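Engineer: Protein chains in written order, with the numbering used here: chain A, 53 to 461; chain B, 53 to 461.
Wrong hints could be hidden among the right ones.
Any copy, or any two copies together, can satisfy a pair, since identical chains are not distinguished.
Unchecked claim - Below, in silico cross-link-like pairs of lysine to aspartate or glutamate (EDC-like), each with a Cα-Cα straight-line distance of 20 Å or less:
| id | residue 1 | residue 2 |
| --- | --- | --- |
| 1 | K347 | E359 |
| 2 | K153 | E381 |
| 3 | K167 | E245 |
| 4 | K436 | E413 |
| 5 | K54 | D392 |
| 6 | K363 | D392 |
| 7 | K275 | E63 |
| 8 | K347 | D409 |
| 9 | K125 | E248 |
| 10 | K436 | E307 |
| 11 | K436 | E152 |
| 12 | K363 | E152 |
| 13 | K436 | E414 |
Calculated from the structure, these hints are not laboratory results. Quantities reported herein were computed from a predicted structural model and do not represent experimental measurements.
Protein chains: 2
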Amino acid sequence: MKAEILAIGTEILLGDIVNTNSQYIAKRLADLGILVYHQSVVGDNPERLLEAYRLAFSRVDLVITSGGLGPTKDDLTKEIAFEYFGKQSVVDKASLKIIEKYFEDSGRTMGESNKKQAYFPVDAVILPNNNGTAPGCIIEENKKIIALLPGPPWEMKPMFEEAVVPYLQKFAQGVLVSKVLRVIGVGESTAAEMIEDILDNQTNPTVAPYAKAGEMTFRITAKANTQEEGIRLMKPMEDEIRSRLGSNIYGEGNETLESVLGEMLVNKRLTISTAESCTGGMVAATIINYPGISKAFVEGAVTYTNEAKIKRLGVKKETLDKYGAVSSEVAAEMAQGIADTSGTNIGISTTGTAGPDGGSEEKPVGLVYVGLCINGEVKTKRLKFSGNRQNIRERATMQLLDWVRRELL
Amino acid sequence: MKAEILAIGTEILLGDIVNTNSQYIAKRLADLGILVYHQSVVGDNPERLLEAYRLAFSRVDLVITSGGLGPTKDDLTKEIAFEYFGKQSVVDKASLKIIEKYFEDSGRTMGESNKKQAYFPVDAVILPNNNGTAPGCIIEENKKIIALLPGPPWEMKPMFEEAVVPYLQKFAQGVLVSKVLRVIGVGESTAAEMIEDILDNQTNPTVAPYAKAGEMTFRITAKANTQEEGIRLMKPMEDEIRSRLGSNIYGEGNETLESVLGEMLVNKRLTISTAESCTGGMVAATIINYPGISKAFVEGAVTYTNEAKIKRLGVKKETLDKYGAVSSEVAAEMAQGIADTSGTNIGISTTGTAGPDGGSEEKPVGLVYVGLCINGEVKTKRLKFSGNRQNIRERATMQLLDWVRRELL
């Protein structure tokens, strides 16, 4: 089966937002073995929208749209799709009830215009939206299928997984099975060089490197008749990559650095606390992304001022005076201080210059010291990043958490 | 003038990479007042590529492509474009020299296949690539213009700015001037209803609502001959929208909630501290995104356990026992506690159930209490969110910061 992906919204045409939805949908269709030869973007304009449906259905039998299901008069995706299929829409009471409840739960009043979001043809498959007000729908008529999904990615993705994937399983030809290995601590080119011969000689399975901020992934993909066959095909390549990259591979699939670290802490019955300066709570907030963390995380201190470092963590005034707040010595006292005062096995710390101002020749913007105290033993590391304030803080957070992970291996 | 943007590459069709090039080009064309009604993606396939050129030129006179200029046989963008325009290509010696030098400089040996990158029709405008091996080009024939740009964003963007923008200036019809107003605290549909008549009767300037996680924006756009005229045209509409939405508009352009709040705190010489449970450092980390915050932010406590709430913030054990950690009473004591212990004018707090587990009928997942202590006076708010753990924590963070902003107005 062939499909086309159509993203709808003036904000994409104007370049106000990046079209991440089409990428996500493309990826998942590839996983299902459904071919995509065209992706398009069109604005909230009735004529061009209708023309886009016509063109897409002249080439394929399945069209997946995202965007334009909102409550405003601008939002026309559904209305024009119903027109294309020659269908009347009526209010779907179940959908209306869910929308009403959504507003009730979030303590807001429902606008009259939100009712529009509950209108569907009687024979449409309605896709409930658990993360917003716009339900999606699937219409199937004369072997032409359209799936209409909301624009916000946090609404579109769960709806795609929960409702569209099961619906499409019947059309999936063979399967594309894939597995993502997550790498941290080595750069993209270094990691790629470590498996250069594998990258050069791939057929089935294939492996694709992809760099993201602060980490990278290798996606292994096998084409097979069954899921099991695909997994079997991928195994030797995965083993080989794992043996070359070693502990630089921290996880797989949707695992995150914090979920891997969180599980390690819980399994080893270790407790942790954080003392942050430049990252300002980001390290704690990242650790707490992991839902099971309450067994391990005790507390965090965001000690932005020198006074707070002294008062909360027992950092010595002399240390601050002699070495400055951005120093290995202060990072060490912070890590030790938070571990001591919170009574945890592990205490970690950050202190640095995230910019854009405040850098000096000796302590440039991007310089971050991190500290790690494990059962009384204290170590520190000097890190240097480029990028903006946000990048520097995010990378410092990731590298610190990766350091803790490696120490616990 | 109208243009279309065409991204070329199997890796985009498969969803392996996000198509950021089209967003960038779209944004810059909008800045030039060049209209874009369609964006498309097609793979490195000769028939579909030729068809894509035909379709695009049936609708517009300017097509801008990115991708497919590489040295491999897969890369066909240029070859098919030359075919479409009926042009022969010959080696361009200047380009070849630059490519050879590029390899020399980076200490690599040039592959035979890279020569292909130096072939162009004699009347093409060649666009030098200062960041890679693939030169781009512009072909203009019978009022149809195509600009072929490389795929890697770090090559495409500089080339676009250095060569394409100057070339397109002659076609720029007036300018599109736009301004973004940032709204928080009202839902998309409610906000749209508040300016429904404006949305219904817009011509020039236009206004477009757009919802993001926890906030929304109105983009006002005016078409004018000059920047100044555009700003003048937008003014009455902006004034009207501002008068309707009042304090729900927190900022404009690239301002963020934290930058607006941070500036208010610094200007009013107020200090702030944070006490977080479910948000786990996210409130502090968000406040600290604002670079100038060190004048106002003193410290934050991430008190995830009951013990930490008692020890660090002086929350009473009886309060925790009687009302539970997720309660208005505990939020109040947390806010007061952090303000007292850190000696700040303002103390803010969060305590809630971010899920996915841990919810009960009385205290469901998504329930968050926030507390605010200003100069000794304590208030709390009950918030209820849907969505996943991350969404709940992010929305709670935004709503709390917005509450502080409103209190300081």
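Engineer: Taking the hints in turn, state whether each one holds.
Structural biologist: Structure-based check of each hint:
| no. | hint | in the structure |
| --- | --- | --- |
| 1 | K347 with E359 | between (30 Å within a copy, 13 Å between copies) |
| 2 | K153 with E381 | neither (54 Å within a copy, 27 Å between copies) |
| 3 | K167 with E245 | between (56 Å within a copy, 13 Å between copies) |
| 4 | K436 with E413 | within (13 Å within a copy, 48 Å between copies) |
| 5 | K54 with D392 | neither (61 Å within a copy, 64 Å between copies) |
| 6 | K363 with D392 | both (13 Å within a copy, 14 Å between copies) |
| 7 | K275 with E63 | between (36 Å within a copy, 17 Å between copies) |
| 8 | K347 with D409 | between (39 Å within a copy, 14 Å between copies) |
| 9 | K125 with E248 | between (53 Å within a copy, 9 Å between copies) |
| 10 | K436 with E307 | neither (26 Å within a copy, 28 Å between copies) |
| 11 | K436 with E152 | between (51 Å within a copy, 14 Å between copies) |
| 12 | K363 with E152 | neither (49 Å within a copy, 42 Å between copies) |
| 13 | K436 with E414 | within (12 Å within a copy, 48 Å between copies) |
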